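Peer 1: Just so you know, the protein sequences line up as chains A and B, in that order.
Note that the first sequence ends on residue 371 in UniProt numbering; no numbers are left out.
Note that the second sequence ends on residue 660 in UniProt numbering; no numbers are left out.
It should be emphasised that the hints constitute simulated quantities derived from the structure, not laboratory data.
Careful: at least some of the hints might be erroneous.
From the derived model, a few chain B residues whose C-beta atoms are all more than 10 Å from chain A [stated by the list, open to error]:
hint: 1; residue: Leu141
hint: 2; residue: Asn145
hint: 3; residue: Leu356
hint: 4; residue: Gln423
hint: 5; residue: Tyr520
Cβ-Cβ distance ranges computed for the label pairs, FRET-style [to be verified]:
hint: 6; chain 1: B; residue 1: Gly488; chain 2: A; residue 2: Val98; range: 41 to 49 Å
hint: 7; chain 1: B; residue 1: Ala343; chain 2: A; residue 2: Ser67; range: 21 to 29 Å
hint: 8; chain 1: A; residue 1: Lys365; chain 2: B; residue 2: Arg545; range: 23 to 31 Å
hint: 9; chain 1: B; residue 1: Ser575; chain 2: A; residue 2: Gly273; range: 14 to 22 Å
hint: 10; chain 1: B; residue 1: Leu356; chain 2: A; residue 2: Leu97; range: 25 to 33 Å
Everything numeric in this text was worked out from a predicted model, so none of it was measured.
Each residue gets a CB set at the ideal place from its N, CA and C atoms; glycine is no exception.
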Amino acid sequence: MTLWFVFALMTVAAIFAVLWPLGRGARPDNQGSEVAVYKDQLAEIDRDLAAGLIARPEAEAARVEISRRLLAAAGSESALVPTSSLKWRRAAAVLALVGLPLVAAAIYVPLGSPALRDFPLAQRERGAGPGMAQSLENLVVQVQQHLEKNPTDGRGWNVLAPVLERVGRFDEAVRAYRNSITYNGESAERRSDLGEAITAAASGVVTAEAKTEFERAHALNADDPKANYFLGLAAEQDGRKDDAANIWRALLAKAPADAPWRPLVQTSLARVGGGGVTMPALSDETIAASKEMNDGDRNAMIRSMVERLATRLKQNGDDVEGWLRLVRAYLVMGDRDKALGASTDARQAVAKDSERLRQLNEGLKTLGLDG
Amino acid sequence: MIAEAGHYALVLALALALIQSFVPMIGARLRDPALMNVARSTALAQLLFVGASFIALVTLHVNSDFSVANVYENSHSMKPLIYKITGVWGNHEGSMLLWVSILALFGGLVAAFGNNLPLSLRAHVLAVQAWIASAFYLFILITSNPFLRIVNPPIEGRDLNPVLQDIGLAVHPPMLYLGYVGFSISFSFAIAALIEGRIDAAWARWVRPWTLVAWIFLTLGIAMGSYWAYYELGWGGWWFWDPVENASLMPWLAGTALLHSALVMEKRNALKVWTILLSILTFSLSLLGTFLVRSGVITSVHAFANDPTRGVFILLILCLFIGGSLSLFAGRATSLKQGGLFAPISREGALVLNNLLLTVACAVVLFGTLYPLAMEVLADFKMSVGAPFYNLSFAPLFVLLLLAVPFGPMLAWKRGDLLGVTQRLLAAGVAALVVIALVWAWTRGGSALAPLAIGLGVFVIAGAATDLAERTGLFRLPFATSLHRARGLPRSAWGTVFAHAGLGVALIGIVCETTWNSEYIATMKPNDVAQVAGYELKLDGLLERQGPNYREMIAQFNVSRDGEALSVMTPSKRSFTTRGSSTTEAALLTRGASQLYISLGDVTGEGAIAVRIYHKPLVLLIWWGPVLMAFGGVLSLSDRRLRVGAPKPARAKQRLQPAE
Numbered sequence: 001m002t003l004w005f006v007f008a009l010m011t012v013a014a015i016f017a018v019l020w021p022l023g024r025g026a027r028p029d030n031q032g033s034e035v036a037v038y039k040d041q042l043a044e045i046d047r048d049l050a051a052g053l054i055a056r057p058e059a060e061a062a063r064v065e066i067s068r069r070l071l072a073a074a075g076s077e078s079a080l081v082p083t084s085s086l087k088w089r090r091a092a093a094v095l096a097l098v099g100l101p102l103v104a105a106a107i108y109v110p111l112g113s114p115a116l117r118d119f120p121l122a123q124r125e126r127g128a129g130p131g132m133a134q135s136l137e138n139l140v141v142q143v144q145q146h147l148e149k150n151p152t153d154g155r156g157w158n159v160l161a162p163v164l165e166r167v168g169r170f171d172e173a174v175r176a177y178r179n180s181i182t183y184n185g186e187s188a189e190r191r192s193d194l195g196e197a198i199t200a201a202a203s204g205v206v207t208a209e210a211k212t213e214f215e216r217a218h219a220l221n222a223d224d225p226k227a228n229y230f231l232g233l234a235a236e237q238d239g240r241k242d243d244a245a246n247i248w249r250a251l252l253a254k255a256p257a258d259a260p261w262r263p264l265v266q267t268s269l270a271r272v273g274g275g276g277v278t279m280p281a282l283s284d285e286t287i288a289a290s291k292e293m294n295d296g297d298r299n300a301m302i303r304s305m306v307e308r309l310a311t312r313l314k315q316n317g318d319d320v321e322g323w324l325r326l327v328r329a330y331l332v333m334g335d336r337d338k339a340l341g342a343s344t345d346a347r348q349a350v351a352k353d354s355e356r357l358r359q360l361n362e363g364l365k366t367l368g369l370d371g
Numbered sequence: 001m002i003a004e005a006g007h008y009a010l011v012l013a014l015a016l017a018l019i020q021s022f023v024p025m026i027g028a029r030l031r032d033p034a035l036m037n038v039a040r041s042t043a044l045a046q047l048l049f050v051g052a053s054f055i056a057l058v059t060l061h062v063n064s065d066f067s068v069a070n071v072y073e074n075s076h077s078m079k080p081l082i083y084k085i086t087g088v089w090g091n092h093e094g095s096m097l098l099w100v101s102i103l104a105l106f107g108g109l110v111a112a113f114g115n116n117l118p119l120s121l122r123a124h125v126l127a128v129q130a131w132i133a134s135a136f137y138l139f140i141l142i143t144s145n146p147f148l149r150i151v152n153p154p155i156e157g158r159d160l161n162p163v164l165q166d167i168g169l170a171v172h173p174p175m176l177y178l179g180y181v182g183f184s185i186s187f188s189f190a191i192a193a194l195i196e197g198r199i200d201a202a203w204a205r206w207v208r209p210w211t212l213v214a215w216i217f218l219t220l221g222i223a224m225g226s227y228w229a230y231y232e233l234g235w236g237g238w239w240f241w242d243p244v245e246n247a248s249l250m251p252w253l254a255g256t257a258l259l260h261s262a263l264v265m266e267k268r269n270a271l272k273v274w275t276i277l278l279s280i281l282t283f284s285l286s287l288l289g290t291f292l293v294r295s296g297v298i299t300s301v302h303a304f305a306n307d308p309t310r311g312v313f314i315l316l317i318l319c320l321f322i323g324g325s326l327s328l329f330a331g332r333a334t335s336l337k338q339g340g341l342f343a344p345i346s347r348e349g350a351l352v353l354n355n356l357l358l359t360v361a362c363a364v365v366l367f368g369t370l371y372p373l374a375m376e377v378l379a380d381f382k383m384s385v386g387a388p389f390y391n392l393s394f395a396p397l398f399v400l401l402l403l404a405v406p407f408g409p410m411l412a413w414k415r416g417d418l419l420g421v422t423q424r425l426l427a428a429g430v431a432a433l434v435v436i437a438l439v440w441a442w443t444r445g446g447s448a449l450a451p452l453a454i455g456l457g458v459f460v461i462a463g464a465a466t467d468l469a470e471r472t473g474l475f476r477l478p479f480a481t482s483l484h485r486a487r488g489l490p491r492s493a494w495g496t497v498f499a500h501a502g503l504g505v506a507l508i509g510i511v512c513e514t515t516w517n518s519e520y521i522a523t524m525k526p527n528d529v530a531q532v533a534g535y536e537l538k539l540d541g542l543l544e545r546q547g548p549n550y551r552e553m554i555a556q557f558n559v560s561r562d563g564e565a566l567s568v569m570t571p572s573k574r575s576f577t578t579r580g581s582s583t584t585e586a587a588l589l590t591r592g593a594s595q596l597y598i599s600l601g602d603v604t605g606e607g608a609i610a611v612r613i614y615h616k617p618l619v620l621l622i623w624w625g626p627v628l629m630a631f632g633g634v635l636s637l638s639d640r641r642l643r644v645g646a647p648k649p650a651r652a653k654q655r656l657q658p659a660e
């Protein structure tokens, strides 16, 4: 209610600003005129002359010139007699009284949210704000604020990292996992979680960086299931299907019968065991998502992933495995020209390093492109 | 309630501006003082409401009210208070609100202190001002409303762009806007004069203080922006010929030309049509600058958001005002009566030359700014016009201009004596030659042009001093008399001297910085020592620190010269979590007018860090020059003949005369 009262007061003030001069009769109030300026200029010449800044003949000439302007101005000014037009003044008053509130309302009502009150932060921290559901996002923000002040709180990073990963903020999750390792010490589990987050950030591609993490996890605990699964996936993405199958078979052999990830590994194994050329790597989530897609969407998704890989390689061309993966992806998509183009680019990128070039040529040969 | 009240205040300001747009015009036509005075009260009320609206937005930012979308997108609860306030105009919506606030401020000033204007001229000026204001209020409310709300407010904001979290944001945009928008007043005066069909020497005197105010702020704003870029971006550059920089330089060039041509008009009643055209062009260039910066046509730190509707809207405003005013000009200019004749060699002639050079320079910058854009749009061909283009085109024009600067103030009005002036400037010329020879002998390296350019700078400064000596009769008359005459000299004459000397000072700074600047780029490990321009900089170590809303890594350098410890410099890199971005904070050590400059790059694996160290001789002169120019402007403004609203001695007499 107070808001509408304030609005009303403001509107009245605005209307008053228009009405006030209209009510003040026709008396000509103080106003400047050209005549004043010219008289001023004449006075200035006198001052300059007295100060010795200009010579007498120059002063005389200037005086004549200004006097001429002064006379002309005085002549034209006396012709202007103020009039008063009651009709127009009334019209202006009506405009202010009716038009102004109408225009203001017509603009404000569709744009404003008069029902919404202010939510200054201080008030909300006291918990007074209704409808302030503690959403997941707000909780994340609160934990982040806490960690901003106490960055060495390892437990906090531990809590935050999986949540970030779940809501899809993979880059931040990677940072959180790294911090967790820094402050909690390393373990196979944390290393493989970090690797998973890096993989997710790279849209399911087990990058060299991620692979290092899984290898470290594997070194810490050779039975860590996550590390083993992703090492298998890495092998699959590199085209070493037999290695992948071996890793996964070993993983399944050791796995407890009720392990929740069993089906996942089994399907993966079936995928490499099924033979044929595989698609570029996809993470479980993306595969799950792609199952619900129609063909067009799925192709679009694959295409976008391939493009991402291509841009990454453009920036950093040292990754031989990456190049091979790209060429293979183009071949799968039936784009032989692009595959050839990519292999040329790859040769240029690694041309300086004979060892890498050899690897690349061998890889290309196995793909059926002449080396 | 604050948010909605602020929003409604802005809407009321628009309603008032609409009334102010035409009621005073009708009043002027009917010669009804009451209707004409509506302009005055509505302009003041508009200022009140826009001011309230702006204060409301500031309050919302300070209170971190994230139910307002603008606050959520550009603020953070842990940001220091100063950046909460400056963050108000560190984003598109808020900066546009600042823009209209300043527009309303100028309108209010004309209304409050425009007592020396004829009633009808004031009514027309304020009406034109209201047209501009209405257009921009509509723009803000429809496309860039800072008061839009979020129904379920998030708990934390997205923070301000870290580059903008700097004290520079508190000063640079308000100054620049005071300059940009200030030129709207001379535009309004020009349009009012065209509508009234009457223009004379008095008009120039009325418009001069407003132009001067705008020019002072624009000068300071550009200098401030340049210094900010210098220390914040970490490259040690102070001018990049970036389109956004050009956008502020063009109104400055046109505005400087306007200041000078208005002088001719005031003193000699000549160049009237040209002055009107310049007033229109100056503000048009300000609008063009706003369009280029705000529409997202150019991506830079200034383009806060790229929204096509905004670009189209500003383009419409641009076409409406520039097209409208130029067609009005074309229709009316011929009917303006011409005045005062003058010989080519005269003060007027010198000012015409000044105008010619400044407008050509402005056209060059305009071409350099728009040509790449046009090529990109029309031919889909990306190109950039950079320093080489301007060095070949802009620089020679300015050299000519600077050569002519000392002559201008010393030539007499109407017809001058070039030979006499040259003789009087002989001392300045000799001083310049001596300096050229000295610099040449002293420095063997660097461009051969550098000593010549420094000599030119000295010539400009010595020329300004000569002008002063001539006017006061120094060395010719007894010292006491000279002192007396110096005191009696109009302040505007002092202003001219300082402003012209400022040009020379800035030129010397520019030449020294670009020619003898030395740099050292390397990766340094703790305890490494860098040798730059005779200074030894030892990297003591790297340390981490937690700031209010960022973490920073500080490198500590011990600076010494010839074994004597001078100071500790601490450049740093700040990383801001919320935006996930980082800024480099350069460390500056000022020695006289020279500076040592350190900025940090990335840390390598082995605890080493990439470091850029520059020694910039006399670099500060680049900004002292504009400050000196602005000081000259302030002196000129404080001249009692121009003082806005101050009662003039002649006025009291005039009011007694019943005929007026």
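Peer 1: Enumerate the violated hints, using their earlier numbering and listing them in ascending order.
Peer 2: Going through the list in order, the structure violates hints 1, 2, 6, 8, 9 and 10 and respects the others.
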